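Undergrad: Listed in order, the protein sequences are those of chains A and B.
All residue numbers for the first sequence refer to our numbering, where the first residue is 1 and numbers rise by one.
All residue numbers for the second sequence refer to our numbering, where the first residue is 1 and numbers rise by one.
Simulated from the structure, these hints should not be mistaken for lab results.
The structure presented is a predicted model; accordingly, all values stated were derived computationally and were not measured.
There are no misleading hints in this set.
Only some residues are given here: those of chain A computed to face chain B with a beta carbon under 8 Å:
#, residue
1, 60
2, 62
3, 120
4, 121
5, 125
6, 154
7, 155
8, 158
Restraint-style ranges between C-beta atoms, simulated for each label pair:
#, chain 1, residue 1, chain 2, residue 2, range
9, B, 55, A, 163, 53 to 61 Å
10, B, 90, A, 8, 35 to 43 Å
11, B, 54, A, 168, 52 to 60 Å
12, B, 54, A, 50, 31 to 39 Å
13, B, 75, A, 164, 25 to 33 Å
14, A, 7, B, 45, 30 to 38 Å
15, B, 63, A, 174, 50 to 58 Å
Heads up, the beta-carbon is just placed ideally off N, CA and C, and yes, glycines get one too.
The residues making up each chain are set out below.
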Amino acid sequence: MLDLIASRRVVRVMTDEPVAREDLERILEAGRWAPVGGNQRTVRFVAVQDPSTLRLLRMVSPGMLQRPKAAVVLCLDRDVASAEGFSATDPTPFYDIGTTLQTLLLAAHALALGAGPVSSCAWAAVAVVLNLPPNLLPRMIVCIGHAAAPAEQMPMRGPKVTWQDLTRWERYEVTPEGADGG
Amino acid sequence: MSDATAVVTEDEAIELFAFLMTSARSQLDDPCRYASMRLLTAAEELRDRIIDRVTPDTRAILRATEPKTSFAQTHTNDLEAYTATLDGLCAETARFLVERFGGSAADGG
Chain A
1 MLDLIASRRV VRVMTDEPVA REDLERILEA GRWAPVGGNQ RTVRFVAVQD PSTLRLLRMV
61 SPGMLQRPKA AVVLCLDRDV ASAEGFSATD PTPFYDIGTT LQTLLLAAHA LALGAGPVSS
121 CAWAAVAVVL NLPPNLLPRM IVCIGHAAAP AEQMPMRGPK VTWQDLTRWE RYEVTPEGAD
181 GG
Chain B
1 MSDATAVVTE DEAIELFAFL MTSARSQLDD PCRYASMRLL TAAEELRDRI IDRVTPDTRA
61 ILRATEPKTS FAQTHTNDLE AYTATLDGLC AETARFLVER FGGSAADGG
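With these hints in hand, go ahead and build the complete structure from the sequences.
TA: Written out as structure tokens, the structure reads:
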């Protein structure tokens, strides 16, 4: 599992090889086991394999650089979140989108598939494309396909960091110079 | 001067229209610098669709700028390199425009 976590990459270039329905179902089952607040299932999936629907999704999702063979749209069920007591402006239910996203990405990677999240979308347009009921708020698209060769992938942005760069033990300490001295 | 032959199909035009329209909305939520990336993506999409249908002169400028456009797309985190690449692309495009349309402009076109 730790190796899977460390070797997963966001895939933005995919081949034309189709994604097997069985693999997609296994990814969705993994998503069902994602940790969510209060064990309330606030996230709904819309799985898409139809090429015309995928094309439409891409047309309204400027951040979708991939041309995926499958996609899972993660939607927040506002009725469930409301019943749990979350206000419409409370960000907490959206954490469930995050945990579910990561679970789906890892599941795809475990099945030797490539996956990449897309959040730059015109969500009102996505809702129309998918014919979503008003209580479902689309907030993330997971593109799934077979990854193209590493040389064809977009290079990773930003400097490499270690876990030590990201971590301070127990509490932050401020040095005399003002820099944190973790 | 080129003729008026269409180099984009209606479906392709609609697709580009949708990309620009939805970008206008998604950009309200995205980091500001994504706007530049989206416009560059639109330029790339347009180039990829028309490159086999345009005149040789236009094809030449599209091919000449392609590697730099791809470089810019993947180096948006390096603002200096990104800016320099875009400056180069804009200058190259302008030189092409001057060569192609300079005469018409002088004629008041």
